[in-house]
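Assembling the complex is the task here: the two chains are given apart, and the hints tell you how they should meet.
For the record, the sequence lines run as chains A and B. The C-terminal position of the first sequence is numbered 95 in the numbering used here, with every residue numbered one higher than the one before it. The C-terminal position of the second sequence is numbered 273 in the numbering used here, with every residue numbered one higher than the one before it.
No wet-lab data here; the hints were simulated from the structure. Be aware that a few hints might be false.
[What the hints assert, rightly or not] One-sided and incomplete, this derived list gives chain A residues near chain B with beta-carbon spacing under 7 angstroms:
id, residue
1, Lys69
2, Leu70
3, Ser71
4, Cys73
5, Glu77
Every residue gets a Cβ at the ideal spot worked out from N, C-alpha and C, and that includes glycine.
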Amino acid sequence: MYLDIPLSEEVVEWKGDEFKKMENLKTLIIKNGLFSKGPKHLPNSLRVLEWPRYPSQHIPSDFRPRKLSICRLPESDLKIFDLHSSLKASVMI
Amino acid sequence: MTLRELNLNNSQCLRKILNVSGLQNLETISFQHCKNLIQIHDSIGLLSKLKILDAEGCSKLKSFPPLKLTSLEQLQLSFCESLKWFPEILGQMMNIKVIVLKGTSIKEFPFSFRYLTGLHTLGIWGSGMLRLPGNIYMMPNLSEVYVQGFQLLPIQHDELNSTVFSNVQKLRLIKCNLPNELLSTLLMWFANVKYLNLLGSNFTILPECLKDCHYLSSLNMNCCKYLQEIQGIPASLKHVSALRCESLTSSSRIMLLNQVFFIVFVFILHSI
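For reference, chain B alone in the conformation it holds in the complex (with noise of 0.2 angstroms):
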């Protein structure tokens, strides 16, 4: 079957999407907003052709198939509302390079989403509790890692592979909960981070960890009421904001004011 494209969006009516595995030309697959949906079969994570796959806002889809999508270039699942996991990845898919999940209930993300190898930039915006992949800091060409809006569970994982080194360079933990330890295990992780901003997040302290950090430039802890104690800052810091961090002690804050050369420090006033 010569199929290339196939667009269902807006059809309030479907609820099933049956085998699909006789479309073996098909690129692009659509069906955004079936807002009865609640099942697809699993021959839709094997179209080796397909590039496009946008199940966005399929708020009654509780579970999507396994992925085998050697082509996938895009893959939308925000407003699936009920869908609690990422699907399993089945080997490597390396052409997709951004995945952004709003609003969706997806909690925690199979081992295999390190096969995704050319993700670049990974956003995950929500509530609730959300625990982060275990093996994100493997994956070579993750770029950036945007994270809104969530409880942070601890990350289960390996200890820690010191040959590895993360490539995340821009690091958004924003409006989060964010155990101490939780931050520290990022911050190893993503050692090589320039841009790190927590705007919002709910920590006490700033690990010493971050001294380790050798290319970080800027950091934005506005915010973060808190934040009380920051062990350690790395040389390369050259642009700090910390409005309204209510809790930082002096100790800290002098720590900041001696080695670091741009800083919005509106607190200060504030304590006077």
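For reference, chain A alone in the conformation it holds in the complex (with noise of 0.2 angstroms):
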């Protein structure tokens, strides 16, 4: 999925867990955009995730990518950069 907002000034309205029935996603891109929240849910197919200004200060707490190969979230307001608390939970699994 590849998604480029075209620049403007309006907000992206929208709940935040609208990628959890997309449980096969590969590829999301998503360029520009203001968004009114964080993602609640990323999908765990993901391969690649290329995010500029991802807009929440945490990574959702169920993505365990196993086979995400590339990450890219220049400019995003992330805190704390932690995958690992994640994925020794899938490993646990």
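Encoded structure:
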């Protein structure tokens, strides 16, 4: 999925769980766009995640992307980068 | 985990990078200009496949974990303005060829710096005090050393091991405060130097041991305005540039004139 939202001041209103039903999504690239909130869920099937200005301070806690190969989150709002704890959980499952 | 590339550049809120030990396939990690980053987990120094580690411009970062990154080819720490120590190197890391440090607060290097055995070029730009690594003359592949803008401190080192010959061919110490003893030490260490550039540096004596730099062919001492005395020059020297060496004694000038084939020697005009 490639989303290139035209540059505008308008905020993209969403609930944040729209990706929940996309469990086979392999590539997610989101360029531009101001989002009202961060994602509550990201598909674990992702191989490529590219989201400049990723709009959340956290990565969703249930994100356990075992096959993720490329993760580009420049200019993000992340405060702490922590993939380890969710990965650890995925190993335990 | 299969993650090969992680890019968190310009994430202004990022304060911590936690444990990345689960990311053992990581080849590139980049967090340039994360201006509020203050803590990096030690596990970042233990990623065996990591080739690129780019932390340029992390201006609040005060320390960096020890590195045991056997595949690392690029390490970028420039403009980490608060970084005072170059990271410890744990074991041989032979794939880094170039280290350029601009605008950091690094004043000292660990003894383990010598484990960067593949290093070809070391360039350090900045201001304030700097003590060069005490054993760089033992680094087998080091060929070019560039240092600019520092007040250089005496180097703590063991007795010079005469069986070790540095391969440094280009040595530039530009606009540095350069104590005479330190210049002597460096010239003894880097006795195989071919190009020596001391542009604008403050020292008073070009020591006798310069004579033993048998491969020296080019010497730039423009604007070395405190240089008074040249105690010896090697027969190999072909090109000398000595603009604005206003304090140079007439006997030193005559020595240069007698021995060097090509000289840019403008101060003679000044002294007439």
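Of the numbered hints stated previously, which ones are contradicted by the structure, given in increasing order?
none
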